[in-house]
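Enquirer: Put the two chains together into one complex, using the hints given.
Chains R and X supply the protein sequences, listed in that same order.
Under full-length UniProt numbering, residues 1 to 254 are what the first sequence spells out, in order.
Under full-length UniProt numbering, residues 1 to 282 are what the second sequence spells out, in order.
Hint data in this document are derived by calculation from the structure and do not stem from the laboratory.
For glycine and all other residues, C-beta sits at the position ideal for the given N, C-alpha and C.
Hints are supplied without guarantee of correctness; some may be wrong.
As the list claims (entries may be wrong) - Pair by pair, the computed Cβ-Cβ distance ranges are:
(1) X:Gln72 with R:Pro179: 51 to 57 Å
(2) X:Pro203 with R:Arg149: 27 to 33 Å
(3) R:Thr46 with X:Trp83: 51 to 57 Å
(4) X:Trp83 with R:Leu33: 52 to 58 Å
(5) R:Arg149 with X:Gln72: 49 to 55 Å
(6) X:Ala193 with R:Ala92: 51 to 57 Å
(7) R:Trp125 with X:Pro203: 47 to 53 Å
(8) R:Leu33 with X:Gly234: 27 to 33 Å
(9) X:Glu204 with R:Arg164: 47 to 53 Å
To be verified - Examples of chain X residues toward chain R, derived with CB under 10 Å:
(10) Ala185
(11) Val276
(12) Arg279
Claimed, not checked - Non-contacting residues of chain X with respect to chain R, defined by C-beta distances greater than 12 Å in every case (computed):
(13) Gly59
(14) Phe135
(15) Arg198
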Amino acid sequence: MWAVFLVLFLPLFALPLLVVLGASFATHWPGVLPAGLTTDNYRAATRGEALQALTTSLLTAAGASLLALVVGTWAALAGAALNRRYRRLMDALFVLPVAVPSVVVGLSVLVAFSQPPMLLNGTRWIVILAHTVLVTAFAHQSASAAIARLDPACEQAAASLGARPSYVLLRVRLPLLLPSLTAAAGLCFALSMGELSATMMLYPPDWTPLPVLIYAATDRGALFTGSAVAVVLMAATLLVLFAVSRVRTRASYR
Amino acid sequence: MAGDPALQAVPTRSAPRNEGPRRWSPQLWAAPPAAALALFFLYPLALVVRQSFQPDSGGTSVRPYADVFASQAFRHALWTTVWLAVASTAGCLVLGFLLALVISFVPFPGAKGVARFIDVYLSFPSFLITLALLFIYGTTGIIGSFQFLTTPWGVLLAEVTYFTPFVMRPLLAAFSQLDTAQLEAASSLGARAPRIVRRVILPEALPALAAGGSLVLVLCLNEFGIVLFTGAKGVTTLPMLVYGKAILESDYPGACVVAVVNVLISVGLYGLYRVVSRRAGA
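Here chain X stands alone, though its shape is the one from the complex (with noise of 0.2 Å):
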């Protein structure tokens, strides 16, 4: 540490007895894992912006962003992405909403088992459910050999059953310390079970249904390798496009446009879940 004998030169001014003596400062100390993760994720990202303004015909111009921004593959796999996310995450919304409800409020056995089989569903890469998938739907599957996988619906239907116990974690939390008695009241006034849900369950599930929906936003419009494995040549999403452009066709500068639109939409919404996560106490 190379600030280290100037700091120790003024240890006179001691600090407080309860903090204990402090040879370096905090400051320095929060230095080397900073430097760390800005040499190996800032600069290379910012790296990928000035590539994004490098045309391969030399230069500094907007070409790359005129090119990608005009050319239909790239308009597509915008909506493709965004249409697939929200559908994705609404799908998550509601059915991790059914399931949450019916795990913390139907008693039965084993509800404590489920929990932890989510923890390790959740541990296990998101390709598997593709993968699972295509012998369900594919071309020799258990339902037969129809192209539901090739099309946007089979990876609705992978992301959806990927992401939702993502949104069943905050709920689960949330509902596990609604009191009881307020459910028990409303319904010894007479209220039945769709009304107590309707009145009294859904206020409170509502932070956590936004901190949930809105990180399965973000994931849906991140996930490669569900997409990846459905083989779908229709299906064309903005990291896939990404891969292709840099993997398969090289086109470095048109790559690291389509990167950068990626990622101001997903930080946006990322930045956006935390505040409301935050807000949420989760």
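For reference, chain R alone in the conformation it holds in the complex (with noise of 0.2 Å):
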């Protein structure tokens, strides 16, 4: 069993990784290993338009998760003292981007926000909205269902003794919901980090985040400075998920 499972398991999951980063290090595929190592292409992913691209996908998760925690988090909390039939509304809506497409998503940002009165079309924003709309549902997930396990006897017992709502839900429950909102936060950062399909609907050419740089390097037939690039992506997505130090998934939300 031990060998069944280690035939499956690494194969098919771990050795997809172990090739892009072999891949990294080398100049050409010829047989079963990677030939030709090198650190070249590591020197060509972490200067110039690469740094710049890393830069931008850092600045844009970073932006767009902090948006997506504070409005996830506010409609979670204002959700949970809705009553039972207006609660559920809430969730329908903000649940609701996860099932569109980010392709569709991508589009019809690039629809609405191309005329005036909201013309952000060609600007960085463009891009931060749309990763924002797509990980805003995470958010409001990871929030809603830490707002349910909370024991209510805490934010009780401090009103009883005289704490205003504000109070309350700054000294009370948001300190009791910091664990699972840094948490949330993690997985908004990964999510937009690796986000593409809306991302290739709106980039503008001054603000080219990392997964469109790899498809570009791909594309003109660059796969080993593009696995580089991967690498760094993979390297940064990981630095900043153990810096919240704990590592959540879209499966454990959706």
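Expert: Below is the structure:
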């Protein structure tokens, strides 16, 4: 059984990542193993447009996940206070962006914000906006799951001691929610870092995130440089995820 | 908040003590995020629907729909999208069930590590899998130069590889709640492993399988990165068609029609998934 597991699991899931890692250090791949070991790919992947793409991705992901966290948490807190019917409506509304294909989210943002009064097309804000729309659903779902787990006794105790609602929110509920919210922020950040479909519809030439750059590299045949950029993307994502210390995934909230 | 003074004027009917005094009604608090969502998500979607009824020649008509439905490319893409999604889902279910079974019921060191690895794996974008497959099956690859990746089978392999963990997660959760006494009873009564799996484990796993399967079905229908990275001109799915029509051909009414069809399919299926997974308690 051990052997079965190793035969099934390793090739399928670990191999793709190892292949990308191996290719990022190679110049060609003639047989079973990559050849022409070099670090040139990384030199290319950490300067010039690749470095700019990295900062673009990091800024976009940070902006989108912060915005999504604020909107999602606010919606979840407000939704928890509503009666049953409105709460279900709110949940359904905020989960909808998950079900809509991200390419379509990109198209709709492109259609809506290419004309006055809200002309965002061609600016970086349209990319950040689309990413925010896409990840808000996850922030909302994880925040409302955390709120449902809160012990109402804490806030009731605070309120019975005379604390005002704003005080209860800031000093009791939000601190209790903080671990879940940081995990949600990590998830949103990772999703935004790897977002390709909506970005392909929207990105202006001066705001090219990493996934788009990786696609451009592979499209013109520069597979090995593309792999190095992909490893940079994975490393940056992992660093941030470990910084928020708890890795959560799409699957746990969908 | 515009309604604030009006509401503050009637604080005398105070709420029950344990809910605390409320100055603003809950609905008012829910309004700003809902309005933001409406402005940045629902309104753009509505514009897409409107544009799908506005051909470039002007006026309002169902011409774009007629044109798109009549085109060979759309019908081909629709068919490709659906069968790829169904086949990938079937593959993920079988593989995910087997792997979850092994991880849950075969004691081996590092099962915790595997669960953690799955979490990390799922935080990476899907196109990395295709990128890796380009080295394995591509023109200069490990297996050698045959055009496997530019066929739908390459996309199928990539989708099964990437989405299987989405099936494994609910299954692992379901298996961890399974009472091992049942399994021990069954085996002490002489049932062999295949029979235990079929008669004891599978019925327990059905809700989780249904939930994971319908989620993967929706994700596969909407997958874009995997298909884009194969660079296969022969494999066109609905999201690829939306991208191609809008960005490469600048045919916005056509792109909007395909988008509307794609949204209807995936939102319908996602609704089904929510119902199933709520029933499964996942």
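Enquirer: Is the hinted range of 47 to 53 Å satisfied by the C-beta distance from Trp125 of chain R to Pro203 of chain X?
Expert: The hint (47 to 53 Å, Cβ to Cβ) holds, given that Trp125 of chain R and Pro203 of chain X are roughly 52 Å apart.
Enquirer: Hold the hint about Val276 of chain X up to the distance rule: shortest CB distance to chain R must be less than 10 Å.
Expert: Since chain R brings no Cβ nearer than about 12 Å to Val276 of chain X, farther than 10 Å, the hint is violated.
Enquirer: May I ask you to test the hint 49 to 55 Å on the CB atoms belonging to Arg149 of chain R and Gln72 of chain X?
Expert: holds (52 Å)
Enquirer: So the hint says 51 to 57 Å: do the beta-carbon atoms of Ala193 of chain X and Ala92 of chain R match that?
Expert: For Ala92 of chain R against Ala193 of chain X, whose Cβ atoms are near 43 Å apart, the range 51 to 57 Å is violated.
Enquirer: So the hint says 47 to 53 Å: do the beta-carbon atoms of Glu204 of chain X and Arg164 of chain R match that?
Expert: holds (48 Å)
Enquirer: Does the Cβ-Cβ separation between Thr46 of chain R and Trp83 of chain X fall within 51 to 57 Å?
Expert: violated (42 Å)
Enquirer: Per the stated criterion, does the least C-beta distance between Arg198 of chain X and chain R lie above 12 Å, as a non-interface residue requires?
Expert: Arg198 of chain X is indeed farther than 12 Å from all Cβ atoms of chain R, at 18 Å.
Enquirer: Against chain R, is Ala185 of chain X within 10 Å by beta-carbon distance?
Expert: violated (21 Å)
Enquirer: Does Arg279 of chain X pass the interface check with chain R, least Cβ-Cβ distance below 10 Å?
Expert: This interface hint is violated because 15 Å lies over the 10 Å limit.
Enquirer: 27 to 33 Å was suggested as the range; check whether the CB atoms of Leu33 of chain R and Gly234 of chain X agree with it.
Expert: holds (30 Å)
Enquirer: Range first: 27 to 33 Å. Now tell me if the beta carbons of Pro203 of chain X and Arg149 of chain R are that far apart.
Expert: For Pro203 of chain X and Arg149 of chain R the Cβ distance comes to about 29 Å; the hint holds.
Enquirer: Are all C-beta atoms of chain R more than 12 Å from that of Gly59 of chain X?
Expert: The claim stands: Gly59 of chain X keeps its Cβ more than 12 Å from every Cβ of chain R (closest is about 18 Å).
Checked against the numbered hints above, the structure violates hints 3, 4, 6, 10, 11, 12, 14; every other hint is satisfied.
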